[in-house]
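Participant: Please arrange chain B on chain A, whose structure you already have, making use of the hints.
Number of protein chains: 2
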Amino acid sequence: MILHDYLPSGNGYKIRLLCACLGLKPTLKEYDITKGETRTEEFLAISPNGKIPVLELDNGECLSESNAILLYLAEKYESPLLPSKPIEKAAVYKWLFWEQYSHEPNIASPRFWLTHDAMDELKEQMLPNRIKEGNAALKLMNETLELQTFLAGEKITLADICLFAYTHVAEEGGSYDLGQYPNILRWISTIESMDWYVPISQH
Amino acid sequence: MILHDYLPSGNGYKIRLLCACLGLKPTLKEYDITKGETRTEEFLAISPNGKIPVLELDNGECLSESNAILLYLAEKYESPLLPSKPIEKAAVYKWLFWEQYSHEPNIASPRFWLTHDAMDELKEQMLPNRIKEGNAALKLMNETLELQTFLAGEKITLADICLFAYTHVAEEGGSYDLGQYPNILRWISTIESMDWYVPISQH
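Just so you know, the sequences run in chain order A and B. Just so you know, we're using full-length UniProt numbering here: the first sequence kicks off at 1 and counts up by one. Just so you know, we're using full-length UniProt numbering here: the second sequence kicks off at 1 and counts up by one.
Same shape as in the complex, but just chain A (with noise of 0.2 Å):
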């Protein structure tokens, strides 16, 4: 398997996370975003809306959407991070789709922005009302593992990795601070104590 991923991606650090959790090592294929390397033909060929990550299978199939890469992957390998249980499973994929739509926007871009040079008088003016619905979402999960060690029970599912890239990351950029949500840097120290996690930079 080749994975084509820029390396401060949380949406790339989310598949090479549970690859490291299920002892797999796809070939890494990296690209600059910031460089335009993500809009050529031969990548939009890949992806067409030109976004990584995309994980290309030994067939040549390429899958996209990083939270369906995790979904496709777990399956594959009959993962127990993707319980069998249809209403544990549930609520594996109401997180995997919270954190696209209430996390991801709120909490990813404004990094991404701040840390990228990538600020303008729209984003200036889309910020605090992003970093009020970001804290809104990690309010929501510090209050989840109040009750819990993980986001959905007492084990770690694809919900935890999934959540884990961009929340550990959240502080970069200035936008958050952490220290308000004390269960969050809980569960980030119990995720980053398991013997198969790598840090986001490292491949």
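Hints are all accurate, no fakes.
One copy or two, it doesn't matter: identical chains are merged, so the pair holds either way.
Okay, derived cross-link-like pairs now, DSS-like style, lysine-lysine, Cα gap no bigger than 27 Å in a straight line:
no., residue 1, residue 2
1, LYS155, LYS76
2, LYS51, LYS155
3, LYS123, LYS139
4, LYS132, LYS35
5, LYS29, LYS89
6, LYS35, LYS123
7, LYS85, LYS51
8, LYS89, LYS155
9, LYS155, LYS139
10, LYS29, LYS76
11, LYS25, LYS51
12, LYS51, LYS76
13, LYS139, LYS35
14, LYS51, LYS123
15, LYS76, LYS89
16, LYS25, LYS155
17, LYS25, LYS89
18, LYS51, LYS35
By construction, these hints were calculated from the structure, which means they are not laboratory data.
Facilitator: Below, chain B without anything else, positioned relative to chain A:
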């Protein structure tokens, strides 16, 4: 089952459309989100982030996130709308996550703002970029539907149920012209001709 919902919501409609297709008749409990009915303590107890739809199961457990509910129901009723082959399933997942990140904020949000008198200065500033991204999303769907009958191939899947909901009402509010996307119009007609089809406002 009880479906906690708001009829004009495309996210709620996805579940109503899937239930119609599966022959399920959940009890509908309606909330007017414009009158704060989803901000009450009672509602927040079943939906911590205050969003509809919520599917309350017969045992009292509550599922949220529309696309997670789609996956739960399709799996529970072993519907062919969710293919069993992993690579085909991954294609459905892809569209479901893409809908939440690249389609819904650009197509559903402007519709809501403009049909619910919810514009403000910030939204006025955000609107042109949302419409640009929304047209990019519609273009991607139109190109896909140039090559195949449904979004994930030749058979209808959850991807179509999911994307149909906000796409077929994209013109409401005046931001989009579906006449530019003939393959989308053909796909809409195909879904509307299904014998289980129900319109968005019907209950």
